[in-house]
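Participant: Here the protein sequences line up with chains P and V, keeping their order. Residues 259 to 341, numbered by the working numbering, are exactly what the first sequence covers, in order. Residues 86 to 670, numbered by the working numbering, are exactly what the second sequence covers, in order.
In short, the hints are calculated from the structure, not lab data. The beta carbon of each residue, even a glycine, is placed where N, CA and C say it ideally should be. Take the hints with a grain of salt, since some may be wrong.
Unchecked claim - Below, in silico cross-link-like pairs of lysine to any residue (SDA-like), each with a Cα-Cα straight-line distance of 25 angstroms or less:
#1 V:Lys556 to P:Leu281
#2 V:Lys485 to V:Gly411
#3 P:Lys333 to V:Lys559
#4 V:Lys574 to P:Tyr339
Stated by the list, open to error - Here's a subset of chain P near chain V, in silico, CB distances under 10 angstroms, partners left out:
#5 Glu264
#6 Asp266
#7 Trp267
#8 Phe268
#9 Pro271
#10 Cys285
#11 Leu288
#12 Phe294
#13 Tyr310
#14 Ala311
#15 Leu323
#16 Val328
#17 Lys333
#18 Glu336
#19 Tyr338
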Amino acid sequence: MKQKKEFDWFDRPESIKKLWIMLYAICGLLVVADFFTHRHPHFGFDGFVGFYALLGFVSCSVLILFSKLVALVLKAKEAYYDK
Amino acid sequence: MISDFPPAAILILGALLVPFFKGNAKNWYVILLPAVAFYLISQLQIGSSWQVHFFGFDLTFLRVDKLSKVFGYIFTLNATAAFVYAFYVKDSTQHMTALFYIGSALGVVFAGDLVALYFFWEIMAVASTFLILARKTKKAQAAGMRYILVHVFGGLCLLAGMVIYITETGSIAFNAMTDRNLGTYLILIGILINAAAPPMQAWLADAYPEATVTGGVILSAYTTKTAVYTLVRGFPGWEILIVVGCIMTIYGIIYALLENDARRILAYSIINQVGFMVCGVGIGTMMTINGTVAHAFCHIIYKSLLWMSAGSVLYMTGKSKCTDLGGLYKTMPLTLIFGTIGAMAISSFPGTSGFTSKSLIIDGAVHEHLVWVWLVLEVASAGVFLHAGIKFPYFDFFAKDKGLRPGETNKSMLIAMAFMSFLCIFLGLYPQPLYNILPYEVHYQAYSFTHVVAQLQLLMLSALVFFLFLKLLKRTETISIDTDWVYRKGGRLFYYVVERVLNGVNALSDRAIARAIPAWLGRFSRTPVSSMVTLYMRATGKDRRSIEDFRREANPEATTLLPMGMPVFISIVFLFSLFVIFAFF
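Please model the entire structure based on the sequences and the hints provided.
Facilitator: If you want it as structure tokens, here you go:
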């Protein structure tokens with residue numbers, strides 16, 4: 259009897275490409291959707307279209323780069339404390 | 086009356102009967118206990134109390150108000166689900182320590198005064214240590230030892246603060262603290278250590294991931310959240326907590342991003358989430374206090390769920406490191422789905438419980454015009470999605486297939502996860518039941534088109550960044566040095582230095598005082614003349630040869646020029662007579 263083919267959709271390069279397109283499309287649509295919102299800016303600088311998109315993008319980039327920076331000092335081998 | 090009975094007693098006394106049950110009956114029994122406690126808490130009347138006279142104090146073991154009730158609900162609810170999850174565990178000791186631990190957490194929440202609170206606080210520390218030790222590995226033992234030492238230190242701070250506070254005010258009552266002095270600050274420090282606030286936060290990520298599969302699920306909920314409860318009760322509006330909370334949110338993200346072990350990632354994200362709550366307490370308005378309590382409630386659910394799914398992976402594969410895992414979506418799809426629901430809830434995706442609870446805190450900060458606090462909390466919200474929302478499911482279930490084919494986890498675990506997933510979504514879509522039991526009245530609507538779009542923008546762009554930076558986020562087999570370095574490496578350094586210095590002094594004194602000096606004195610008293618002549622000759626630069634020749638030939642002691650016995654005898658007689666004269670005349 260032939261064994262049932264394993265579900266491996268997420269491993270295929272063409273699916274990963276589809277997922278990338280989806281991700282970009284969602285991000286784009288959300289920024290477009292911002293034109294139809296009624297935002298009440300709280301602090302003056304947070305009123306423009308796509309503010310939260312920019313905030314998410316910038317803050318995550320900064321967090322990742324910052325974590326890479328501190329990693330230079332803080333990373334240690336797993337056996338560090340066993341020595 | 087039965088309804089005025091402290092719910093903590095049900096779990097703590099009930100735990101004593103656990104060994105008498107066998108097989109599955111034992112598991113049903115431990116599931117039933119917190120469920121009964123949940124029912125009894127729902128029957129407690131607001132304002133009722135239960136006191137015991139003890140050592141001249143009226144100790145209040147039951148104080149019922151909306152705040153204690155809501156924590157009581159979630160503690161018992163989570164315990165019930167956790168014991169369903171732990172259905173495969175047949176070890177009485179683990180169930181008993183878990184019940185003691187959860188029971189004492191309930192004790193803290195319902196304690197009406199500082200003494201009763203402290204009593205349960207300490208039981209909680211000890212019981213939780215046994216949950217860590219239950220893994221029975223060498224690592225778990227070492228981590229458990231460090232864990233208890235930190236908590237003993239925290240407990241001592243709390244005790245010292247309480248003694249000062251009670252002496253000053255003459256009352257053991259525990260309500261919102263208004264005086265800011267040494268006593269209250271010590272109490273605050275003691276509580277913040279349990280809340281895993283920097284610089285005493287490393288115990289959490291050090292110890293919890295070393296616990297057993299089920300131990301981790303149970304531990305994730307109680308110690309930090311009783312600390313949050315205590316802060317809400319005692320320290321609302323203390324501005325320092327805003328700063329502490331903001332630091333915690335960012336700290337948790339940075340360390341979680343660096344971490345390789347999936348359960349350790351979740352441990353760091355507890356610190357991140359508790360940061361939001363601590364911040365909410367620090368702002369201290371009705372809205373943020375409501376937000377803190379609601380967030381604690383939802384957090385316990387989705388954090389347990391996340392620990393459950395990471396625990397299932399560990400249970401099935403024996404692995405929890407991202408570098409060892411990957412591609413599990415093929416064989417553990419249900420665990421993946423439940424874990425993802427938890428990951429979406431912690432990231433406060435619209436439609437999940439995190440969205441309806443965390444927004445209260447963030448909007449509360451906006452209402453107070455705290456621009457920096459708001460900005461930090463928004464940045465941290467984006468970061469949560471990065472480390473807990475995507476990183477955890479991605480590296481465990483997708484990423485690179487490591488050829489693991491474990492199969493789906495056991496049924497009781499899946500049931501518990503399904504239940505928690507249901508709660509995450511239910512409270513996300515319909516938060517009103519939760520809003521109704523919060524300490525203050527809620528006039529809040531989380532859902533508006535604007536709010537949803539803003540939140541989704543924040544999250545989806547974070548997701549985009551994650552995948553754009555995927556190469557930078559590739560896991561390595563490393564750990565990150567944290568403040569526990571001070572007592573892990575620093576402690577060893579201290580030991581080394583002390584050992585070197587003190588034992589060095591010891592050895593030196595031994596050589597000099599115990600051996601060399603008495604030996605030289607002995608020689609000197611036997612041969613005083615030749616010793617002195619030798620010293621003189623050495624000082625004037627004669628070589629060793631001629632000194633030895635002189636000693637052999639002259640042998641001054643043999644001539645008995647100076648009989649030693651007589652002068653000694655005379656001195657003794659003289660000294661004795663002096664003593665007699667001074668003593669008696």
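Participant: What are the numbers of the hints the structure violates, in ascending order?
Facilitator: 9
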